[in-house]
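Full structure from sequences and hints, please.
Each chain is listed here by its residues.
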Amino acid sequence: MDVLLFFVTAAVALVGAIAMLVSRNAVHSALFLLLNFGAMAVLYLLLQSPFLFTIQLTVYAGAIMVLFLFVVMLLGAEQVEDTPDRIAWQRPLGILLGVGLLGVAAAASLRGAAGQPAPGGEAAASFGNPAELGALLFTRYLLPFEITGVILLVAVVGVVVLNQRGRQQAPAKPPAGD
Amino acid sequence: MLGAYLPILVMFLIAVFIAAFVIIVSSLLGPRRSTVRKLAPYESGMEPIGPAIRRIPVKFYVVAMLFIVFDIEVVFFYPYALVFRDLAGPGLVAMGVFFLVLVVGFVYEWKKGALKWE
Amino acid sequence: MEPLQIPPVNLILLAPLLTVVGWASALLLVDVFLIPEGKKKLTGYLAIAGLLVAGLVGLPLWNVSGSTFSGMLVLDRYSLSLTWIFVIVGALSIAMALDYLPRHGIEQGEFYPLIMFAVAGMILLAQGTDLIVLFLGIEALSITLYILTGFAYPRLTSEEAAMKYLVLGAFAAGFFVYGIALVYGATGTTSLAGIAEFLGRQTLVAEDQTLLLAGAGMVLIAFSFKTALVPFHMWTPDVYEGSPTPVAAFMSVGTKGAALAALLRVLAFAFEGVQAYWLPVLAALAAITMVVGNLGALGQTNVKRMLAYSSIGHAGYILLGIMVASERGAEAFLFYLLAYALTNLGAFGVVIALEQQGESVWSIEDFAGLYQRRPMLAVAMALFMFSLAGVPPTAGFMAKFFIFTAAYEGGLGWLALVGVITSAIAAYFYLRVVVKMFMQEPAREVQPELNRGLNADIIIAGVATLLIGLVPTPFIFLAQQSLVALGG
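Residue numbers (the working numbering), protein chains in the order written: chain A, 1 to 178; chain B, 1001 to 1118; chain C, 2001 to 2488.
Keep in mind that the hints were calculated from the coordinates and are not lab data. Certain hints may be false.
As the list claims (entries may be wrong) - Derived lysine-lysine pairs resembling DSS-like cross-links, with alpha carbons at most 30 Å apart:
| no. | chain 1 | residue 1 | chain 2 | residue 2 |
| --- | --- | --- | --- | --- |
| 1 | C | K2040 | C | K2164 |
| 2 | B | K1112 | C | K2040 |
| 3 | C | K2041 | B | K1116 |
| 4 | B | K1059 | C | K2164 |
| 5 | C | K2040 | B | K1111 |
| 6 | B | K1059 | B | K1116 |
| 7 | C | K2039 | B | K1059 |
| 8 | C | K2039 | B | K1116 |
Said to hold, decoys possible - Calculated from the model, a selection of chain A residues having no Cβ within reach of chain B, i.e. all distances over 10 Å:
| no. | residue |
| --- | --- |
| 9 | G16 |
| 10 | I95 |
| 11 | L101 |
| 12 | A105 |
| 13 | L110 |
Using N, Cα and C, we set each Cβ at its ideal position, and we do this for glycine too.
Given below as structure tokens:
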């Protein structure tokens, strides 16, 4: 059952990723990426990581995708313009690196399949369990947790400050030629 | 292990089904008599004044960014919800401090008018 | 499940840190609610007060040491001394900015709490004894600085600076996290003490430790980026030039100092056992950093860019102290950091005084004939230039002297030699400024703008630069005392 589920979700994830790459409309690309994120979330579940599943859905599929879509629509970049590629070497390099990454991943999974232990030792059985994670987060990793709160506060300030300035200056400047 | 998620799958399927059902059925049953008027883009009865695809204001983006920050903060509440009984008082203090910092950010952006839509 | 025990938390040990963070958060709200537009200087004064209070809070902790939060944070004299340095750096940077911001039309009250948050990140770097805490400290510092570099928006150079710093900084953060992950994979821990224990447990065979060495290498790359070591320095001149000058001043001494302090702790404490592996790497980094930084400064006609390259070169010198990884080296490091911080803040203060409204040229020509118009300012700048060049009797000379002797005694004689040679080269461009100020006629009318904050900054920096140079003994004593229990 799990194997079947894996192949189905993996196929969906792959289709989403490839469709994202080849789609000519940026909004479609973003939506295909969303499909890919959803499939990845299910894969996390299959890997016994319900917490990652939740994060993947709320943060990536929920928030970051929205940001992507907004950027696309903000720039009015839905349609691909057929201008010549300025950085022509980017595409072959990307393909090369992608193939390289694939090779590394394949080597790693073959190594795993051959029964060799992972270099860092086996993960605990309860690894990825949200309750276990909570227990660690609020005891051993309490300090990083609180610091994260402060960092997020700084991030909020940054969003407001950098935006506020633009808003104050906006009337002074002639409207940008959009 | 995954059995616990069966209800979610079922709900997901029902949602997909309803959406698909409504679209398919209405397109099957609805009469289709196209006229020039009907094929024209509909804009509240007004004459269309331009393409539907436009650049959206940057305000959306600001809200989205603030949303991400608070979304990440919310993520930390999930594991807390699972262990707060075991943590008892000290856990509440720990979460309270985190929450307080969060509230400072929220009050700040509210007062700054970052949430105002002009 | 058993009831969970939160490990005992000793808040006293992080009193200065808590003071800064708490004060900054409160100040953020006070600024929005109580302080009207146009009176934002008050926020600045409150921020300075907060930093000073944090420094005072640290005083009674001199004889306290210990670690808390499951060994993630430590308080020792080393971190406390660094805290004081950072507090001074923060306060002086704010003092510089008090009039700079309104003059350039970029005043926003958040500037001051943001500097405080950055200082908090730096303190965290000084106190952290866990790679995760160090990472968060770097992030707290970096995210604040991304905002501050872009503070002069919509000035294009400021935007460019923020963008460059953000993109490259994100890369560096990626390297850091990946490095931590690999180190964790190899050792099963992220705590510095844990790593040291792991390395001490067995004789290390490099072939088996690919993961650990790769991880350590990546962490080193991230640190190199933050401290702008060559070849990870490309962003520095552009970012310093584009960001508001007080921010550039703050970055040149604060970020660098904090990241180097953390690097010292990581290398000397966690990775002491593999010194044979990182020493040649760091030696090469230090050598090319000293050479490239100082050679790069030679051709600059823009003072801000010159100071940027000079700060790169100085990071190379500071690295010498870190590499020795002995008490002697750490002493020299602390002393150098203090001397360099004060001198550089002073030099940037003079640059700010000469920075004209609405202009973004910091041409060295503007210094021409400064002595005739503002003798005191020219004398102060000359003092800072002498100190940066390492001419006695200034702080810079003593600092260089210490770091080179420490390096020599630590068996890094050739690096000390490189240091001396590059210092000699560097003297050219520092003294060029002095020559311009005293021996040339003014090229164009530049009206130096001085005010209370800037005056205070230049006077404090100038007096300290002289004082440390003339009577170094108490400061050396302080540095020695700071290392009674390094690593904790």
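Evaluation of the provided hints:
no.	hint	result
1	C:K2040 / C:K2164	holds, 29 Å
2	B:K1112 / C:K2040	holds, 15 Å
3	C:K2041 / B:K1116	holds, 27 Å
4	B:K1059 / C:K2164	holds, 24 Å
5	C:K2040 / B:K1111	holds, 16 Å
6	B:K1059 / B:K1116	holds, 10 Å
7	C:K2039 / B:K1059	holds, 28 Å
8	C:K2039 / B:K1116	holds, 24 Å
9	G16	holds, 16 Å
10	I95	holds, 31 Å
11	L101	holds, 27 Å
12	A105	holds, 24 Å
13	L110	holds, 25 Å
In terms of the numbered hints stated before, the structure departs from none.
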